[in-house]
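Chain order of the listed sequences is U and V.
Numbering that gives the first Met the number 0 numbers the first residue of the first sequence as 0 and each following residue consecutively.
Numbering that gives the first Met the number 0 numbers the first residue of the second sequence as 0 and each following residue consecutively.
Hints are computed from structural coordinates only; laboratory data are not their basis.
Treat the hints with caution; some may be incorrect.
Said to hold, decoys possible - SDA-like mimics (lysine to any residue), calculated; alpha carbons at most 20 angstroms apart, straight line:
#1 V/LYS42 <-> U/ASN6
#2 U/LYS94 <-> V/ILE49
#3 V/LYS42 <-> U/ILE101
#4 U/LYS30 <-> V/ASP105
#5 V/LYS94 <-> U/LYS84
#6 V/LYS9 <-> U/LEU102
#7 V/LYS94 <-> U/LYS30
#8 U/LYS94 <-> V/ARG7
#9 V/LYS36 <-> U/ILE57
#10 U/LYS78 <-> U/ILE49
#11 U/LYS9 <-> V/GLU96
#12 U/LYS9 <-> V/THR100
#13 U/LYS42 <-> V/GLU96
#14 U/LYS94 <-> V/LYS36
Stated by the list, open to error - Derived coverage of chain V by chain U (criterion: at least 3 residues anywhere in the stretch with Cβ under 8 angstroms from a Cβ of chain U; other residues may be distant):
#15 17–31
#16 38–49
#17 88–98
All residues carry an ideal CB built from backbone N, CA and C; glycine is no exception.
There are 2 protein chains.
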Amino acid sequence: MNFIAMNRFKVSVEGADDFEDMWRSRESRLKEVPGFKEFRLLKGAEDEGIRTYSSHVIWDSKADFENWTQSEHFRDAHKNVGKSKGRSAIMGPPKFEGFETILQED
Amino acid sequence: MNFIAMNRFKVSVEGADDFEDMWRSRESRLKEVPGFKEFRLLKGAEDEGIRTYSSHVIWDSKADFENWTQSEHFRDAHKNVGKSKGRSAIMGPPKFEGFETILQED
Numbered sequence: 000m001n002f003i004a005m006n007r008f009k010v011s012v013e014g015a016d017d018f019e020d021m022w023r024s025r026e027s028r029l030k031e032v033p034g035f036k037e038f039r040l041l042k043g044a045e046d047e048g049i050r051t052y053s054s055h056v057i058w059d060s061k062a063d064f065e066n067w068t069q070s071e072h073f074r075d076a077h078k079n080v081g082k083s084k085g086r087s088a089i090m091g092p093p094k095f096e097g098f099e100t101i102l103q104e105d
Numbered sequence: 000m001n002f003i004a005m006n007r008f009k010v011s012v013e014g015a016d017d018f019e020d021m022w023r024s025r026e027s028r029l030k031e032v033p034g035f036k037e038f039r040l041l042k043g044a045e046d047e048g049i050r051t052y053s054s055h056v057i058w059d060s061k062a063d064f065e066n067w068t069q070s071e072h073f074r075d076a077h078k079n080v081g082k083s084k085g086r087s088a089i090m091g092p093p094k095f096e097g098f099e100t101i102l103q104e105d
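Please put together the full structure from these sequences, using the hints given.
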């Protein structure tokens, strides 16, 4: 079944708008990537001035995700992140977790 | 946009099959609930004999989720959990997090 790649970000509340703008304005070409199914940027709770965000990308399989991380497309998608204003709102490195869907109802 | 309710479970590797069976064999009536969109049970990484699982339920809105938690349907769905073998494989209480979808591509 599907593989879900999640990255969790801790963002200062002052920089949350810049962080969201960075995602909204990015030029996403995920739809061109084999095995891509769905992307979501999720806004979580705020605690003591820090808000949790999580990006979820659903892939047909873990292999599709891994192929993407080794592709030119992936490098292109990440090359400008370090320069953006939204990037500086992120506190510490994102935390990655991969999950396999074992049961689904919709 | 959508609301995603997640619960994170830490499960002993010895009990992981029982935990999965508990979910697979449960009688889910989520499809009957207003605002329900999608359910997934996700299997994450294992670390020192403990595996992370996460349940994701996507709702049309946070209000739909909250209405469900106060419904008879919710009480029915949870009343037998404490007795099951899969339940005893869970280490500590599940950790709940709610997220709002702010950006989506599919």
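Results of checking the hints against the structure:
A C-alpha spacing of about 16 angstroms is found between V/LYS42 and U/ASN6, which places the hinted pair at or below 20 angstroms, so the restraint holds. Our distance criterion of 20 angstroms between C-alpha atoms is met by U/LYS94 and V/ILE49, whose separation comes to about 19 angstroms. The straight-line distance between the Cα atoms of V/LYS42 and U/ILE101 is roughly 7 angstroms, inside the 20 angstroms bound, and the hint therefore holds. With a C-alpha separation of about 7 angstroms, the suggested pairing of U/LYS30 with V/ASP105 holds against the 20 angstroms cut-off.
In summary, the hint linking V/LYS94 to U/LYS84 is not supported, as the alpha carbons are separated by about 32 angstroms, beyond the 20 angstroms threshold. Straight-line distance between C-alpha atoms of V/LYS9 and U/LEU102 comes to about 17 angstroms, which keeps the hinted pair within the 20 angstroms bound. For the hint pairing V/LYS94 with U/LYS30, the CA-to-CA distance comes to about 32 angstroms; that exceeds 20 angstroms, so the pair is violated. The suggested pairing of U/LYS94 with V/ARG7 holds, with an alpha-carbon distance near 15 angstroms, which does not exceed 20 angstroms.
Straight-line distance between C-alpha atoms of V/LYS36 and U/ILE57 comes to about 16 angstroms, which keeps the hinted pair within the 20 angstroms bound. Note on U/LYS78 and U/ILE49: the hinted pairing is violated, with a Cα-Cα distance of about 26 angstroms set against a maximum of 20 angstroms. A distance of roughly 14 angstroms separates the Cα atoms of U/LYS9 and V/GLU96; the hinted pair therefore holds under the 20 angstroms criterion. Among the hinted pairs, U/LYS9 with V/THR100 is consistent with the structure: their alpha-carbon atoms are about 16 angstroms apart, no more than 20 angstroms.
Distance hint between U/LYS42 and V/GLU96 is fulfilled; the C-alpha atoms sit about 10 angstroms from each other, no more than 20 angstroms. The suggested pairing of U/LYS94 with V/LYS36 is violated, with an alpha-carbon distance near 27 angstroms, which exceeds 20 angstroms. Check on the stretch 17–31 of chain V: 6 of its residues sit with their Cβ under 8 angstroms from a Cβ of chain U, so the three-residue criterion for coverage holds. Check result for the stretch 38–49 of chain V against chain U: holds, 7 residues qualifying (beta carbon to beta carbon below 8 angstroms, three or more required).
Against chain U, the stretch 88–98 of chain V contributes 3 residues with a C-beta closer than 8 angstroms to a partner C-beta. That satisfies the three-residue criterion, and the hint holds.
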